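*Asks:* Given the sequences, and given the hints that come with them, work out the whole structure.
Protein chains in written order, with our numbering: chain U, 1 to 103; chain X, 104 to 206; chain V, 207 to 309; chain P, 310 to 412.
Source of the hints: derived by calculation from the structure; they are not laboratory data.
Owing to the predicted nature of the structure, the values given are computational and were not obtained by experimental measurement.
Warning: the hint list may mix true and false statements.
[To be verified] Chain V residues, not near chain P, derived (Cβ > 10 Å throughout):
no., residue
1, A229
2, G239
3, L244
4, E252
5, R294
6, S302
[Unchecked claim] Heads up, simulated EDC-like pairs for lysine to aspartate or glutamate below, C-alpha to C-alpha not over 20 Å straight-line:
no., chain 1, residue 1, chain 2, residue 2
7, U, K51, X, E164
8, V, K291, V, D241
9, X, K160, U, E48
10, V, K257, P, E409
11, X, K188, U, E61
12, P, K360, V, E267
13, U, K27, P, E409
14, X, K130, X, E149
15, V, K232, X, E203
[Unchecked claim] For the chain U half of the interface with chain V, some residues (derived, Cβ under 7 Å), not all of them:
no., residue
16, I10
17, L12
18, G13
19, G15
20, T16
21, R20
22, L69
23, F87
Idealized CB from N, CA, C, for every residue including glycine.
4 protein chains.
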Amino acid sequence: MNVSIDLTLIPLGKGTSLSRYIAACKKEIEKRGLDYELGPNGTAIEGEWNKVFECVKACHEVVHGLGVLRIYSSVKINSRVDSNKSFRDKVQSVNSYLSEQTS
Amino acid sequence: MNVSIDLTLIPLGKGTSLSRYIAACKKEIEKRGLDYELGPNGTAIEGEWNKVFECVKACHEVVHGLGVLRIYSSVKINSRVDSNKSFRDKVQSVNSYLSEQTS
Amino acid sequence: MNVSIDLTLIPLGKGTSLSRYIAACKKEIEKRGLDYELGPNGTAIEGEWNKVFECVKACHEVVHGLGVLRIYSSVKINSRVDSNKSFRDKVQSVNSYLSEQTS
Amino acid sequence: MNVSIDLTLIPLGKGTSLSRYIAACKKEIEKRGLDYELGPNGTAIEGEWNKVFECVKACHEVVHGLGVLRIYSSVKINSRVDSNKSFRDKVQSVNSYLSEQTS
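*Replies:* Next up, the structure:
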């Protein structure tokens, strides 16, 4: 089963600049060859279910390894059996809908 | 590594009553002997990381098995290495703080 | 329009113990007479839409006032026009479904 | 107070294609002149607090107006008093951190 998630990882108690930790997660995602896209409020990650969630676990482990005692993550999980649209198609679907309406 | 999550699973395209699907997830959680608590807006689940996320996957699988073509889940993940407080302690921590203040 | 939300407020950069901040939010909710329930992973709040979101804003303001420079909140919003079920009915709906099945 | 949010709106009971509803929300955001960016898993919206949340309410109202009986939204709220970084700066912050490390 494939899955498309959006991961927002928040290290607690470590100041208000989080780039260092997001960068560490980015490396974990790339290491696994998962399709992903960094966004302003979360990272879209897509792939085989187990591989994607091993990556989420690895992100928590690597950020704890940087000295973060507590982590809060918010994960949106999309799974569907009626199509295999990628997260890359979603914004385009909305824009296509809008341009059909106005044409 | 232990983890404490909050799972909200939303079946798409299947009417507005979701109890049937939440009930199916509840069985998956109980089958695995994980500590949990059903809440109005999500289910708190706690245990060993891999076991908890196998359960999340099983919930998606069982709900797809009931004919749901698309699922959206929202998962909050709490991991910490500074204490092993259970989700059961959290509400009490807030109430203790409040009663200390007023005494 | 009524709305039922679940609010999880995370102060960044302020240690790993969050009870003090949740307690401050609890007072803002009570001050407004909104129906609410503290849970392990969020607080269910229910009432008239504008009143509920004024409360969310007040929670951010009061927590910034306690010296927190950055806040991340996760809010689940439930609105429906087919029924006026309270968040208090949701867990019972699932349990009723389960007991009907086994009887 | 300014605020930066990420809005994911899920209409329940209306099939698995959601573009029509996201498109309706997009119009509400544009009507108000708020800064925004459609993403694969949510829409980043930024501006004055009250204006942003009036927009969230308008999205719910317009989607109910399209015949949707129940809506579930997930909103991430970012507020900070230590900087006025836009959501547009966030991905760049991570990339800057990474390029500094490797140079």
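*Asks:* Give a verdict on every hint.
*Replies:* Okay, the hints, checked on the actual structure:
1. Listed as a non-interface residue, A229 of chain V keeps its Cβ farther than 10 Å from every Cβ of chain P; the least gap is roughly 19 Å.
2. Separation of G239 of chain V from chain P is adequate, the least Cβ-Cβ distance of about 20 Å exceeding the 10 Å criterion.
3. No Cβ of chain P approaches the Cβ of L244 of chain V within 10 Å, the least distance being about 19 Å, so the stated non-interface status holds.
4. Look at E252 of chain V: its CB is around 15 Å from the nearest CB on chain P, clear of 10 Å, so calling it non-interface holds up.
5. Interface exclusion of R294 of chain V from chain P stands, the closest Cβ pair being 17 Å apart, more than 10 Å.
6. With a least beta-carbon separation of about 19 Å from chain P, S302 of chain V lies farther than 10 Å from that chain, consistent with its non-interface assignment.
7. Distance hint between K51 of chain U and E164 of chain X is fulfilled; the C-alpha atoms sit about 16 Å from each other, no more than 20 Å.
8. Taking the CA atoms of K291 of chain V and D241 of chain V, the gap is near 13 Å; set against the 20 Å cutoff, the hint holds.
9. A hinted pair counts as satisfied when its Cα atoms are at most 20 Å apart, and K160 of chain X with E48 of chain U qualifies at roughly 12 Å.
10. For the proposed pair K257 of chain V and E409 of chain P, the alpha carbon gap of about 46 Å is over 20 Å, so the pair is violated.
11. The hinted pair formed by K188 of chain X and E61 of chain U meets the criterion: a straight-line CA distance of about 18 Å does not exceed 20 Å.
12. About 16 Å separates the Cα atoms of K360 of chain P and E267 of chain V, which keeps this hinted pair within 20 Å; it holds.
13. Between K27 of chain U and E409 of chain P the alpha-carbon distance is near 15 Å, which keeps this suggested pair within the 20 Å criterion.
14. The straight-line distance between the Cα atoms of K130 of chain X and E149 of chain X is roughly 15 Å, inside the 20 Å bound, and the hint therefore holds.
15. With a C-alpha separation of about 15 Å, the suggested pair K232 of chain V and E203 of chain X falls inside the 20 Å cut-off, and the hint holds.
16. Annotation: interface hint on I10 of chain U holds; nearest CB of chain V at approximately 5 Å, less than 7 Å.
17. Given hint, L12 of chain U at the interface with chain V, holds; its Cβ is 5 Å from that chain's nearest Cβ, closer than 7 Å.
18. For G13 of chain U, the interface hint holds, the least distance from its beta-carbon to any beta-carbon of chain V being 5 Å, beneath 7 Å.
19. Annotation: interface hint on G15 of chain U holds; nearest CB of chain V at approximately 5 Å, less than 7 Å.
20. With 7 Å as the threshold, the beta carbon of T16 of chain U comes within range of chain V, its nearest partner Cβ sitting at about 4 Å, so the hint holds.
21. Of the supplied interface hints, the one on R20 of chain U is violated, with its beta-carbon coming no nearer than about 13 Å to a beta-carbon of chain V, more than 7 Å.
22. Interface restraint check: L69 of chain U against chain V, minimum CB-CB distance 5 Å, threshold 7 Å, status holds.
23. With 7 Å as the threshold, the beta carbon of F87 of chain U stays out of range of chain V, its nearest partner Cβ sitting at about 20 Å, so the hint is violated.
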